[in-house]
Amino acid sequence: MSKATQNTWKLLRTAPPTAWFGLIMVSIYIVVALLAPIFAPYGETEVVDVAGLSIGDNPSFLLGTDHIGRDVLSRIIYGARNTVGLAFITTVLTFAIGAVMGLLAAVLGGWFDQILSRIVDVLMSIPPLIFALLILTIIGTSVINMILVIAILDSTRVFRLARAVGMNIVVMDYVEVARLRGEGLWWIIRHEVLPNISAPLAAEFGLRFCFVFLFVASLSFLGLGLQPPTADWGSMVREMATLITFGLPTPLFPAAAVALLTVSVNFVVDWFLHKTSGLKS
Amino acid sequence: MSAILTMIGQRLALGLLTLWVVTMIIFLAVELLPGDFAQALLGQSATDETVNAIRQNLGLDKPAVERYFIWLGDVLQGDFGRSLASERQISELVGPRVYNTLFLAAYAACIAVPIALTLGILAALYRNSAYDRGVNVGALAAISSPEFFAAYILVYFFAVQNAWFPSIARLNETTTFTDRLYMLFLPAVTLTLVTMAHMMRMTRAAIINLMASPYIEMARLKGIPRGRIIVRHALPNALSPIINVVAINLAYLIVGVVVVEVVFAYPGLGQLFVDSVVKRDMPVVQASALVFAVTYILMNLSADILSILSNPRLLHPR
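Chains S and R supply the protein sequences, listed in that same order.
For the first sequence, the residue numbers in my numbering are 1 to 281.
For the second sequence, the residue numbers in my numbering are 1001 to 1318.
Hints were generated in silico from the structure; no laboratory data involved.
A few of these clues could be false.
Quick look at which bits of chain R chain S covers, simulated, 3 or more residues with Cβ under 8 angstroms [stated by the list, open to error]:
no., segment
1, 1020-1029
2, 1149-1160
3, 1222-1229
4, 1290-1303
Only a predicted model underlies this, so the values are computations on that prediction, with no experimental measurement involved.
We put the beta carbon where it would ideally sit given N, CA and C, even for glycine.
My request is simple: use the sequences and hints to build the entire structure.
Here is the structure:
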């Protein structure tokens, strides 16, 4: 075993059960999302049982079938790919915009920082769901529009964090030395600032993912996100909502899939934050 | 005392400025719409003459700046124009729904705030005990659940499996206050579940932070019981951050009702907003977004002002 794996193992051994649970669940989600066609017993939009609807009567449909006879389990498995994938891409974009702008504001300072910070103040003063719905009404609801709107609105929070932690590093002597040495802006950000703020940024990535994921699920649930027949957890709950009044728990399964992933990521982030703040003090 | 007044004055001025910028954003957002109201109103088949007539009628031929101030003046007098879909006055449409939404939010707050504060104080009191860890895990789970998950779980168990509460909250004129409370119980509990966790964690953190300070240690050395230390000595100083987080969560409640209203088919502003977004009824979307944004900003503003006012260090300057 190399030194790095040994350290990782040591860290993992001290992890609380909640963090273990989180790590295992996140891994399962990733594997399922990547290998969806292998795990899913039926196709994503395949109508397999028109008469069905009930649960437990038919062993070939583990979680039953939905309102038009598609296998719910298969759709949840494909949904892992669509919903989680979409949320992940959006988070990456959120992060790219927020972190780059935040670090630039910290390093450059002056009017650049002032203008960006004021724009962010205004964007953050409007509730994100309301703002997103307003803009999506105007530019139309499509997946690309949704990704862009959420990424821009949510990048404000990453901006604030990146700017705040970046500010603490920018005043350090070694940054001054690098500046005097004549290093460029990107070099300073990449080699002096980023390595020192990677821990809070990594934790923030997890939290942002949770937020974006719930946001995408809510928009889809309201009928403004991914459109049918794509399997997506939020819209699945919406489509099947009436089933619950017939005493079927089917709509709860995709909703639970959303909650379970979010709680797992939260557990991991919580442990990570605890760990990194503990090492510092 | 004057320092505190200037702080509040500054915060108020900033709040008003934000409000003004937000009205501008909401107005401009609609300006960005390809085509304009007149075309949206008449549809594809309209002739140029009729479009121009409507434009003049609605004042759309005036420059954008002038129209902004006319619109702002109308909005300040409570006139939001007419809905494109139903042609009704928007103020008539929005008014009762704002009341419904505020009613639901207030109801949820009445349940959530006392429970969250009690659980938070108890968690701080029995720090690192099994109770503390359990509440913490519960709080994380609650934060992680989308509103519709919490809502449908409650519906499944308390409206379908056991028909204790109605699964939808349709009101009519004859609905009495107690009926309303009964109908809205599940929506209110859903909102409680999703907002309580944050308030609870902040209460716990604020008190634990204070417990490390020297004057608390002094009180402990004097032999004052733990419960009394927390209630009499720690709580007044923790009040400022707690009030702040409560007000922020109330702001969130008003916005967070959107999904819950859709689940329970409750005739509130959130449902009107989502319906209008689907129908692309711009004037109604504009009006509802404005009402939501203004409420949110005012709640956050009062959060800041209350936390300034409740900070003992600022109230008794040296």
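The hints, checked one at a time:
Given a C-beta distance limit of less than 8 angstroms, the hint that chain S covers the segment 1020-1029 of chain R holds, as 5 residues qualify and 3 suffice. As drawn, the segment 1149-1160 of chain R meets chain S at 6 residues by the rule of a beta-carbon pair under 8 angstroms; at three or more, the given contact holds. With 0 residues having a beta carbon nearer than 8 angstroms to a beta carbon of chain S, the segment 1222-1229 of chain R misses the requirement of three or more and the stated coverage is violated. By the rule of at least three residues with a Cβ nearer than 8 angstroms to a Cβ of chain S, the coverage given for the segment 1290-1303 of chain R holds, with 5 such residues.
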